[in-house]
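Chains D and G, in that order, are what the protein sequence lines are.
For what it's worth, the working numbering labels the leading residue of the first sequence as 3, then goes sequentially.
For what it's worth, the working numbering labels the leading residue of the second sequence as 875, then goes sequentially.
No lab work stands behind these hints, which were simulated from the structure alone.
One should not assume that every hint holds.
No more than 25 Å apart at the CA atoms, straight line, and that leaves these computed lysine to any residue pairs for SDA-like [to be verified]:
{"id": "1", "chain 1": "D", "residue 1": "Lys146", "chain 2": "D", "residue 2": "Arg64"}
{"id": "2", "chain 1": "G", "residue 1": "Lys916", "chain 2": "D", "residue 2": "Asn70"}
{"id": "3", "chain 1": "D", "residue 1": "Lys146", "chain 2": "G", "residue 2": "Val937"}
{"id": "4", "chain 1": "G", "residue 1": "Lys916", "chain 2": "D", "residue 2": "Gly71"}
{"id": "5", "chain 1": "G", "residue 1": "Lys916", "chain 2": "G", "residue 2": "Gln962"}
{"id": "6", "chain 1": "G", "residue 1": "Lys916", "chain 2": "D", "residue 2": "Val23"}
{"id": "7", "chain 1": "D", "residue 1": "Lys146", "chain 2": "D", "residue 2": "Asp101"}
{"id": "8", "chain 1": "D", "residue 1": "Lys146", "chain 2": "G", "residue 2": "Val931"}
Treat the numbers as computed from the prediction; the structure is a model and nothing was measured.
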Amino acid sequence: MDRLEEPAVVLDEDDGLAEAVRSTAEKAAEIVWLRRQVAELAAERLLRCAEAMAARFVGGGRLFTFGNGGSSTDAQELATTFLHPRYGTPLPALCLTSDVGVVTALSNDVGFEVVFARQLAALGRQGDIALGISTSAGSSNLVKAIVEGRRRGMLTVALAGYQGGNLAALQALDHLFVIPSSSVHRIQEAQTTVYHVLWELIQHALGSCSPH
Amino acid sequence: MHLTAHHAFTRRDTAGLALSADSPRIAEAGRDLADRFRRGGKLILFGEGTDAQHIAVEFVHPVIMGRRSLPAMALGDGATAAGSFSHQLRHWAEPADSVLAVSASGRCPGVLDGLAAAGELGLLTVALVGDDGRAVRADHVIAARSTDPAVVKEIHVTVYHVLWDLVHLFLDRRGADDGPA
Chain D
3 MDRLEEPAVV LDEDDGLAEA VRSTAEKAAE IVWLRRQVAE LAAERLLRCA
53 EAMAARFVGG GRLFTFGNGG SSTDAQELAT TFLHPRYGTP LPALCLTSDV
103 GVVTALSNDV GFEVVFARQL AALGRQGDIA LGISTSAGSS NLVKAIVEGR
153 RRGMLTVALA GYQGGNLAAL QALDHLFVIP SSSVHRIQEA QTTVYHVLWE
203 LIQHALGSCS PH
Chain G
875 MHLTAHHAFT RRDTAGLALS ADSPRIAEAG RDLADRFRRG GKLILFGEGT
925 DAQHIAVEFV HPVIMGRRSL PAMALGDGAT AAGSFSHQLR HWAEPADSVL
975 AVSASGRCPG VLDGLAAAGE LGLLTVALVG DDGRAVRADH VIAARSTDPA
1025 VVKEIHVTVY HVLWDLVHLF LDRRGADDGP A
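Turn these sequences into a full structure, and let the hints steer you where they fit.
The structure is reproduced here in structure tokens:
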């Protein structure tokens, strides 16, 4: 009986790869489709947001970006994209998670929900831009930061997933882009495209020519 | 102006559609990474930009409930000059480890040097690059079909999300056959 079962086990060893190939191709197709859907939903509003942000930069405004976990790495990348662009005009941008000293001081002494809001209260001023990135859209430190940003006269922008979560109902938010997917990973991938496109549109609005 | 926003999105389509063709390559990389984890190895991440940190978050703190945390660490900054990543690797790497390096250009001195050091140390090497970076030397080279670093990054995010998922898929699968990993 043992010998008879052997071929089945040998066949099964390769099966993982076939399933992995199929799963990969499915996800690759899914994100292409999602990007197209986001283009349909958000192209016009992204343009309006880009024009509003460009106007703030022209008026001397600065950009503050923030997010948690994987989104914090996107926020860092976004700030770098503005400050050290590969073409066009460098623009002042700072990611609020880049100073671990300030982030851990606030978290330890007050609470993690105040990190971005307290930083905006200290650094932000009228005419600046606050841009938060979240996949869940439920992060309380993001919500508090957007409220604080609005209180200071900043333009407020957020990228979110699912149905926009706590951010969807927020009066203090000027521009909200919700990625319509239930996968955290596909949401993050589409958000990466959204903030890259937003940057391209801002450069375009400022008169920079894209090499593409 | 309205066309510009649409154009910016459609510019992504070619590279996005081409990713499906790389599925076998990505699946093999996922399988080999899972083998290294099963042998007790950790995943060491480095590259240009912030992707290394992002990938560490994926492995250490999975977004999907029930998936276990796997050992992964992002190396500190060192993309622009040769020597930094390779130095960190020599002091941190163990024989069963693997490295995943991310470089849109594939020509970043620190990344190339890190990959070379990882190869010498006998680590499994996976490189995510753009169209210009195909010549990079690694066990698995996955190249996004674009030369625009922004588009390349977007493709990379999908690739490393998929790799994370595949590692768990392979670990779960063989874990059942082989007993405890």
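Practice task
Please work out if G:Lys916 and D:Val23 have their alpha carbons no farther apart than 25 Å.
Solution key: holds (24 Å)
Exercise for the section: Below or equal to 25 Å on CA atoms is what counts here, so check G:Lys916 against D:Gly71. Expected result: Status holds; Cα separation ~20 Å.
Handout entry: Holds or violated: D:Lys146 to G:Val931, with C-alpha atoms at most 25 Å apart
Key = Holds. D:Lys146 to G:Val931 sits at ~24 Å (cutoff 25 Å).
Practice task
Verify the proposed pairing of D:Lys146 with G:Val937, using a straight-line Cα cut of 25 Å.
Solution key: Distance of about 23 Å is within 25 Å: holds.
Problem - Straight-line alpha-carbon gap D:Lys146 to D:Asp101, limit 25 Å - result: Holds - the C-alpha atoms of D:Asp101 and D:Lys146 are around 19 Å apart, at most 25 Å.
Problem - Holds or violated: D:Lys146 to D:Arg64, with C-alpha atoms at most 25 Å apart - result: holds (19 Å)
Practice task
Could you grab the alpha-carbon distance between G:Lys916 and G:Gln962 and see if it respects the 25 Å cut-off?
Solution key: Within the cut-off at roughly 14 Å; holds.
Exercise for the section: Verify the proposed pairing of G:Lys916 with D:Asn70, using a straight-line Cα cut of 25 Å. Expected result: holds (24 Å)
In this structure, every one of the numbered hints holds.
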